[in-house]
Every structure is written in C-alpha cells, then in structure tokens.
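**Q** Sequence:
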Amino acid sequence: MNTTIQRMSGMALMILAFAIATPVAGAISGTVADINGTPIPYAYVGLLDANYQYLGAAVSNAQGAFAINANTSNGLLFVQPNAPVNAQGIGIYANAPRTYLVRGDQFANIRIPSTGCIVLKGYDANGNLMRWANYTANGTIGGQFVYATNTDDELREASCWPVYDDAARAQGSPRDLGLPALVVEPGKTFAVNVLFWRVPGYGKLLLKADNAGAGYQLSAPGQSLVLDLNVELASTAVADLVRRQASFASSASTSIANLVSALAAAKANSNPVTRAAAADSVLSQALALRDDLEFTAAKTNIPAVRKGNLTVVVKKSGKAQSKAKVVITQRTHSFKFGSYIGGQFNASMYQAARDAGFEMATMLFGWSWMESSPNVLLDPAIIDSYYGITAAKNMGFDVKAHGIVWMQGYGILPERVYTIPAADVQAQALLYQQNLVNAFKTKISLWEAMNEAPATNALNFSRGQMNDLLASAASNLKAVSGLVSLANSPHENSFGAKYAFYTLDNLPFDNFSLTYSECLKQFAAAKGLNNLDTVGIQFYPGHKLNADFNYQEGPAMTPSWFVDMAARYEQFGKPVHITEFSVPSYQAPDWNNGYWRESWNETTQADYAERIFTQAFATPNMQSITWWDMSDANSSVLAGGLIDASGRKKAAYTRIQSLIKGWTTTASGTTNTSGTTTLSGFGGTYDVTITLSTGAKYTRTATISERASTTLNVLL
265 MNTTIQRMSG MALMILAFAI ATPVAGAISG TVADINGTPI PYAYVGLLDA
315 NYQYLGAAVS NAQGAFAINA NTSNGLLFVQ PNAPVNAQGI GIYANAPRTY
365 LVRGDQFANI RIPSTGCIVL KGYDANGNLM RWANYTANGT IGGQFVYATN
415 TDDELREASC WPVYDDAARA QGSPRDLGLP ALVVEPGKTF AVNVLFWRVP
465 GYGKLLLKAD NAGAGYQLSA PGQSLVLDLN VELASTAVAD LVRRQASFAS
515 SASTSIANLV SALAAAKANS NPVTRAAAAD SVLSQALALR DDLEFTAAKT
565 NIPAVRKGNL TVVVKKSGKA QSKAKVVITQ RTHSFKFGSY IGGQFNASMY
615 QAARDAGFEM ATMLFGWSWM ESSPNVLLDP AIIDSYYGIT AAKNMGFDVK
665 AHGIVWMQGY GILPERVYTI PAADVQAQAL LYQQNLVNAF KTKISLWEAM
715 NEAPATNALN FSRGQMNDLL ASAASNLKAV SGLVSLANSP HENSFGAKYA
765 FYTLDNLPFD NFSLTYSECL KQFAAAKGLN NLDTVGIQFY PGHKLNADFN
815 YQEGPAMTPS WFVDMAARYE QFGKPVHITE FSVPSYQAPD WNNGYWRESW
865 NETTQADYAE RIFTQAFATP NMQSITWWDM SDANSSVLAG GLIDASGRKK
915 AAYTRIQSLI KGWTTTASGT TNTSGTTTLS GFGGTYDVTI TLSTGAKYTR
965 TATISERAST TLNVLL
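In terms of this note's numbering, the sequence shown has 621 at position 357, counting the first letter as 1, and numbering is strictly consecutive.
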C-alpha cells in the first residue's frame, strides 16, 4: 500500500512537459493561410526547441510559404502574423498568432483563424504602464496571467499575446515590453480575468472585468478594444455591488451609491495615471465593502436557512402533560463539517478534528494502493485497520470515500493501466469500485463517483470516454440502496493554459480540459447527471503546494467570489459540497501565490476561513464543507493546516471550532396545557430529555429538518 503521497486533489495544473528536444536532419517548410486558405504574407515563423531555444526562423512570402533550414524531434513552431497598427498606435492581429507543437514534421500547412484583440492597459500603484514583464512578475499559472471566459465564468478560446505600441517598437518590440492582449474570435462575448492583480491595500487577487455583466465583443477581424484595465476592474466590482444590493441590508445603499459616484469621478479624469489611481481606490473599497456585506448577510441568513422547528407533544396515559421541561441537545448536523487527515489512522489527529466540531472524515482510497494483486482487493480488514474506518465511525464521524475512480498519476493508477486499452481500464476501474463498495457499503454512505473528470486525464481518454466512465460509476452507486454519490472538481483547472499550444491540425494540444460547470452541462445533456446525488467543488484560493506538486502557486479569490461561484452551481439542481478547502497561514517573501488583504498569516487564514465557512453554511443548496488538510505535517498546501507541524492549534482551528459550536443547538422549553412546546434548532439529530412535573425523566431522539417543522409525540 502506497502511503507516501499526501494528496490534495484538483490542484495539479497542466504543465507541458517535453522531453529534451534535439535537432534532426532536414528542414521544415509550409504555408501560412487563413481558415479559407487565403495566404498570409509577412508572418514570422520561428522554430524553437522544447526549452524555447532558437533553432531557425523565416517570414512567409506573398504566397504564404516559408522554409526553415532546421528541424526538431520535439519542439515549437511560433507563428506570428503581421500586426497592422491601429489609430492608437498599437499593432493588432487580424489573424491569430499561435504556438504549434512539432515532432520532426517536415511540412506544416498552418491555417489560422480570423481574430481581433482585447488589449489591456493597466497601471501599477506607482503610475507605471504595465507591460508583459510586469504581469508575469506578479505570477503565472502554466505561463498564463490573464484568460478569457464567457459571462458564466467558463473558459473560452483566447490566447494571450503581446502587442506593441510606439514605445515598444522603438526598442525593437521585445516580448517583455509588449502590452498583453487577448486574441479572440469576433462575434463572441468574453470576460477578462486577471490572475494576480495587485489591489492597493486589499491583496493580490484573481479579478474579472466583464463590462457590468455584458462582456466584451469585437465585431470584425482586425478590430481592437483597448481596455483601461484599472477602470474596468473597478467598474465590475461596483457593478457587482449594485447587482447584489437587494441581498444586503438597506443601510448599505448609501455606501454603494457613494462608490458609484466615486467611480464616475474616476472615469471622468483625463489623465490616465490619475484615473488609474482613482479607480484603484474605488476597486479596493468596493471589494472590501462587498466582502463585508456578504459576510454580514450570510450571518443574518443562517437561522432561516439552517434552522427548523421541533414540536414536542407529551402525553401520559393519553393525558396531556403540562409543565414538563423539554431539553433538546444536538448530536449531529445535517450540514456536514468535514476534515481530511490523510494516510494511516491517527487517533490524536482525528480527536483534534472531532474536538473542533468536525463530523465527517474523508479517506482517500487510491486504486493502486488497494489491490493485493491485479483486480483483487486487499483484505477489507486490513483496509479498515489502516485507515481507521470503524475507529473513525466510533468517534462520531461519517466517512466519505474519495479518489476511487480517478484518472490520476502520482501513484493513484496501477502501472498496468498505462499499457492496456481504454475499455479494459474502464472495466477494471469499475470492478475496483464495486469491490470496495461491496466491502464497505455498510460503513461508508458517501461515495465519490469520480474525482476531477473535467481535467485529470493521465490516460488521455477522450471526453466521451471520461463521461461514459463517470456515468457508469455513478450508476453503480445509484444501484446500491442508501449510498450517496458525488462528482468532484475545482471550478477551473486551466486558467487559459489550454490554449497556449496547438497541434498542426489547429486543435488545442489539451483538447480535453473543461471548466467544471461546462463539464456538468455536457454530462447533464447526456442524462448522466440523473444518477449523481451531489456536486462537489474544490476551493484552494492562494495556494502554494508542497514539493510533491512542484510548489505550484495559485490565484486568490475574494470571499465574494465564492458567493458568485456557489450561485452558478445552483443551476444543476443538486446539493453542493465544498469537498476540499484551505488557505495558507504563512507566505514566504519569495512566494508568488495570490493573497487576500495582506500576505497570508495566521490571522488572515482564520478570517478567510470564517467567512467561507459562514457563507457556505448560509447557502441553502450547500450541505457540507471540508478542510483539507488538518495538519501542516502533511498538508498539500504549504502552511495550509489548522494545526501546525508541532501540534499547536492555529487561530483558524479555534475560529472554526467557535463557529460550529455557535451553530450547535441546546434549547429548552416547558409544555403548555396541551402538553406541547416548540423549540427551534439547527438541522440535525437530537437527544430529547423530558422531565415531568413529578420529576420523572424520559429520553427520546429526534431529527430537526432545516426549514421545516417536525412533531415528536412522546407517549408515556
């Protein structure tokens, strides 16, 4: 059994890992044309090896032809059409520049689509116009620092490419001096997402510019839209406040109106540097105000969302018992607060999780770890003992089975599956699932049907094959009475890296990854969603991963981003679980991950955790949130545990403990002349103690359902 990988699912972003490229004999030649076959002259075509080292270049002639007297077995063909200069002095691509993968090809018949450019002009806090190098210095994911979505926050095809103004051209148009532009298809609507935008006084954040929800659109090839990025980001933040205003207390209207006025004043400033500074101030205030208003609204809404009523009717020998004291004490919650500890059962860590109020334990059952021989499950007693399934249940935990059907490397998949047909892999994966379910269906009720179907694909399945596997896995769980199934993924996996490289047939090299919501839409269209009970979402804002994940760094989202994301997943009509969530409690000076408010520290971790737990608990269709991992000793997110490596409980631990305690009901009442009392409590199971006026005491159990009334008849 492999126990060395302490895994945090969903965070492995796609990195194009090429073998060391070597030049090969011969040359590469071809043509550059548009989709209709019309030659594109004066396109620069450069050949690079896999380490981006120059091998040769050419410029296409009037017939679009080019020839490079070099080749490589594994490299890149960099195609950049001529960019006519627009009225603002910026070169704009009427056809898409692209990077193609080559594998010793001797001929490349390149067909590139018609495009326009959404150009970003942003200013930093010192009033400097930001250029390509400034954005990359703030942080990248898979080489990306900005990407395009539709207005539903689903990834759309767009490459980020440098365009050059007069100042850059005067210095020879080096890439680092380019202005970033999203090269997009005319006629489609896009939102612009900046992964690591520095907001004065409020962090380094993933932020969106979406033209107040309308998005941006180019009408014709070669057209450009130059965005005043500071202003557009502030405009979107203020528009989001206005959009959400009805959800806030009426007292918020004045603050929102003041920001609307401040934004108008910023836009009216004719000096771009002064305008950007004024917009930054509005942006910072708008983000902070919305975060605070959403937090306050969530706290206000929790009783209506999570509480229900229990009416207790007490009769003895058919006679109503008045003046009986009724006490209800909550034992479990309908909303499941979960934790992930990982690896072999650790009684002290599980007890720490239980002491914090966590009631659900996620356990990772990697396929390759669970077999004694191919397709033969380990002795269930060994699995139970190692993971502590029974021990955890005896401590009061529900157990969730995770990572069973998961097309992941990192030791999860057995080695044999890399050399057998896809159909055999699918059959064996489902057999493993069935064997594990048969062994533990009486002890584990919540089962993951598949992990990370939108993007994790170590075996290069087609989208259809992956969807079929998910459908079969969900159907298998549906067939077993009493089991609850879920799918699980982060909302976004690629952040635009999907469109960084193309094959010579003009398809993205990664022609598989999808935004999670789009993946679920495809699954629903194929009727596969019917067999899934729950949608699971991973959420790791501002992560910095450990060495097992190559120290990958990610963007930070505001707590309000979480509110919008949750609302998008309501469309599927399924309960939502936040299956994996954590943020760091520390940020080293050389880390480049995103952060909220200030560089991550223990107080900020606790504040962020409090807001996300509160907002999740206040969201009616959410039914669970899990902190992943409990301890820094094995945390996939560096410093992401609630307990440090020495065993000290951090501020986030005690903050969450306090929250859960506050959402746990003990209440009492006295029956009236009808023998009745009604008590309100958070959804869950309860011990009910009835003490008659004579002193006689009785106990019962009951369940309070959220947003509902239940009657418990106590007949003595």
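Any given hint could turn out to be false.
The list that follows gives simulated cross-link-like pairs (lysine-lysine, DSBU-like), each with its CA atoms no further than 30 Å apart [claimed, not checked]:
{"no.": "1", "residue 1": "Lys-579", "residue 2": "Lys-961"}
{"no.": "2", "residue 1": "Lys-657", "residue 2": "Lys-452"}
{"no.": "3", "residue 1": "Lys-705", "residue 2": "Lys-791"}
{"no.": "4", "residue 1": "Lys-589", "residue 2": "Lys-579"}
{"no.": "5", "residue 1": "Lys-589", "residue 2": "Lys-571"}
{"no.": "6", "residue 1": "Lys-600", "residue 2": "Lys-742"}
{"no.": "7", "residue 1": "Lys-742", "residue 2": "Lys-657"}
{"no.": "8", "residue 1": "Lys-587", "residue 2": "Lys-571"}
{"no.": "9", "residue 1": "Lys-838", "residue 2": "Lys-589"}
{"no.": "10", "residue 1": "Lys-961", "residue 2": "Lys-587"}
{"no.": "11", "residue 1": "Lys-961", "residue 2": "Lys-838"}
{"no.": "12", "residue 1": "Lys-589", "residue 2": "Lys-961"}
{"no.": "13", "residue 1": "Lys-600", "residue 2": "Lys-657"}
Simulated from the structure, these hints should not be mistaken for lab results.
Since the structure is predicted, the reported quantities are computational estimates derived from the model, not experimental observations.
**Q** Against each hint, give a clear statement of whether it holds in the structure.
**A** Each hint tested on the structure:
1. Lys-579 / Lys-961: holds (13 Å)
2. Lys-657 / Lys-452: This hinted pair is violated, its Cα atoms lying about 52 Å apart.
3. Lys-705 / Lys-791: holds (25 Å)
4. Lys-589 / Lys-579: Holds, at about 13 Å.
5. Lys-589 / Lys-571: holds (21 Å)
6. Lys-600 / Lys-742: With Cα atoms ~21 Å apart, Lys-600 and Lys-742 stay inside 30 Å; holds.
7. Lys-742 / Lys-657: holds (23 Å)
8. Lys-587 / Lys-571: holds (25 Å)
9. Lys-838 / Lys-589: Roughly 39 Å separates the two Cα atoms, so the pair is violated.
10. Lys-961 / Lys-587: Holds, at roughly 13 Å.
11. Lys-961 / Lys-838: violated (42 Å)
12. Lys-589 / Lys-961: holds (9 Å)
13. Lys-600 / Lys-657: Distance of about 14 Å is within 30 Å: holds.
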